[in-house]
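Listed in order, the protein sequences are those of chains E and F.
Each number in the working numbering corresponds to the 1-based position in the first sequence with 86 added.
Each number in the working numbering corresponds to the 1-based position in the second sequence with 84 added.
One thing to keep in mind: the hints can contain errors.
To spell it out: a stretch of chain E is covered by chain F in this simulated footprint if at least three of its residues, at any positions, have a beta carbon under 8 Å from a beta carbon of chain F; those stretches are [said to hold, decoys possible]:
# : segment
1 : 137-151
2 : 162-168
Negatives, chain E to chain F, calculated, CB over 12 Å [what the hints assert, rightly or not]:
#  : residue
3  : V118
4  : E119
5  : P120
6  : V123
7  : E124
8  : V126
9  : D129
10 : P130
11 : P131
12 : V171
13 : A173
FYI, nobody ran anything at the bench for these hints, they're computed from the structure.
No experiment lies behind these values; they were computed from the predicted model shown.
C-beta atoms are modelled at their ideal positions from N, C-alpha and C, and glycine is treated no differently.
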Amino acid sequence: MNKRSLLILILAVFYINGCDNDNNDTTPPPPVEPPPVEPVPMDPPPPVDNRINFSSFVKTQLANTSDQAEPVDINTLEFVIDDDVNAFNDVF
Amino acid sequence: MNWRPMIVAIFSLGTFFFSFTLEASSHREAPYITQHPQVDGADFYLFRSYEPGREGFVTLIANYYPLQDPQGGPNYFALNNKALYEIHIDNNGDAVEDITFQFRATETSPDLKLTISGVEVSVPVLNLGSIGGDAGDSNLNRLESYSLNLIRGDRRTGVSSAITHASSGSSTFRKPVDNIGSKSFTDYAAYANGHIYEITIPECSNGRLFVGQRKDPFPVALGKIFDLINLDPLGARDAEANVVENKNITSFILEVPISCLTAGGEAVIGAWTTTSLRQARVINPAPDAANNKPASIEGGAWTQVSRLAHPLVNELIIGLKDKNRFNTSEPKDDGQFATYVTHPTLPAIIEILFGVTAPTTFPRSDLVNIFLLGLDGVNRPTSPVASEQLRLNTSIPVTAQAAQNNLGLLAADNAGYPNGRRPGDDVVDIVLRAAMGVLLPEAEAPSGQLPYTDGTAFTANTFDPAFPYLLTPLSGSK
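Here chain E stands alone, though its shape is the one from the complex:
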């Protein structure tokens, strides 16, 4: 191939590559790096309260009265005991 023909070929290649913006070209554009984002400080998650209201717990046991059930293991439970004198009125 003489120099003229090679030049034409090269130009043709560049031309073809330069046509990747027309509507008939399905080649996806190269990915664009997103602009840098400044990190936003997040609030720490709220503490989980594992304490159980004692009155509610007792009422739950009363409601779950069963001759077949196993007792509830309370060793891992932490109770909050309130001084509500009316806490068990609805039980009676």
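Start from chain E and add chain F according to the hints.
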């Protein structure tokens, strides 16, 4: 078992508080149960019936609510009608109940009244006239009844069947009122005997049943024990007075065919008794019986609060920190308490107090055999799981009452404790001797053959020769 010398030793050493532990073989033995005397197990007996003609039966006696003063009015000693009283049977040695006899009490009050100047007023007493005989229960202001169910399998999820009157088919049984006194009863013994029932047991032959007050069968020299063991543990076996002589107790007495309890050719059964309360309770600040508002409301699951098989285990073997735990535990989990048996403290304390020599061999396999496995060739099941149960070999012949030796197995009376337990077995003396190594070679237990005793002797002849065996309770007005 009542290791009273050990208890006194503990007092003198100032290391424990056992002030009430000797009134029965197991009484107020754990901190929590002291708050619930109605469901406090005191003694458990298990033996082939020695009433003539009843050798094909096993008698089970569970005593509760100990230290009853006969003068216990006006309420006396009713059962807890919000509790389960149970007797469990393990008939294959796996430390899990196969059969449970479950008692549940009920209580009604006719609210007896007197007309006072035209006004009907409720009376404050338990009876307004004589009880029994022609009067029946018409003068009684509180009526106690109970049901008895047989549960096969797990005590809570097993198959439950009602035990019924053999004659009427009723599933409700009456509990006699306590022995109020001689003016209320012309013949209390006859009145109480009227509450012995022949029962129909599902898938079994008939048995017999009695629930009611009895005279406390367990003797002890209580005062002298707490007076720094003011007695001779190697003295005469009848040197001391029984200070529980004036107490009553409530007994659940059941006689069941042997064939109803055994299974798969295994002649040895294990047994223990428990009570359970509902896990939750709310106290009513304004009880109103007239409007069915009780003094408290209970609910939730049944929760075990008392456990008893061998005498005196929780009283004098289990450490103070574990007594509540023992009462809530089941035999299948007894590995947690093994050290108390393999390395007992009682012999060491007896050694300190009396200068004898405690056994030197550890672990104490002899005590493991007695309390956790059964004695080989006597009352050990074929494949036992180590667990604290009272074990009875139902194939060992009965010893007639007159021939019983109150040292049981130690005196070659193979029908006696620790092969089960009969009312006349002197479990205190037996266990004292076992603790000090009577079953061990002399080289391992130099003082093991000494005749240890608590000094309060009694024999089988102390008791009735027939069901229910335990004696009529003491009168409240005696």
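Here's how the hints hold up against the structure:
| no. | hint | verdict |
| --- | --- | --- |
| 1 | 137-151 | holds (count 6) |
| 2 | 162-168 | violated (count 0) |
| 3 | V118 | holds, 65 Å |
| 4 | E119 | holds, 63 Å |
| 5 | P120 | holds, 59 Å |
| 6 | V123 | holds, 55 Å |
| 7 | E124 | holds, 56 Å |
| 8 | V126 | holds, 49 Å |
| 9 | D129 | holds, 39 Å |
| 10 | P130 | holds, 37 Å |
| 11 | P131 | holds, 34 Å |
| 12 | V171 | violated, 8 Å |
| 13 | A173 | violated, 9 Å |
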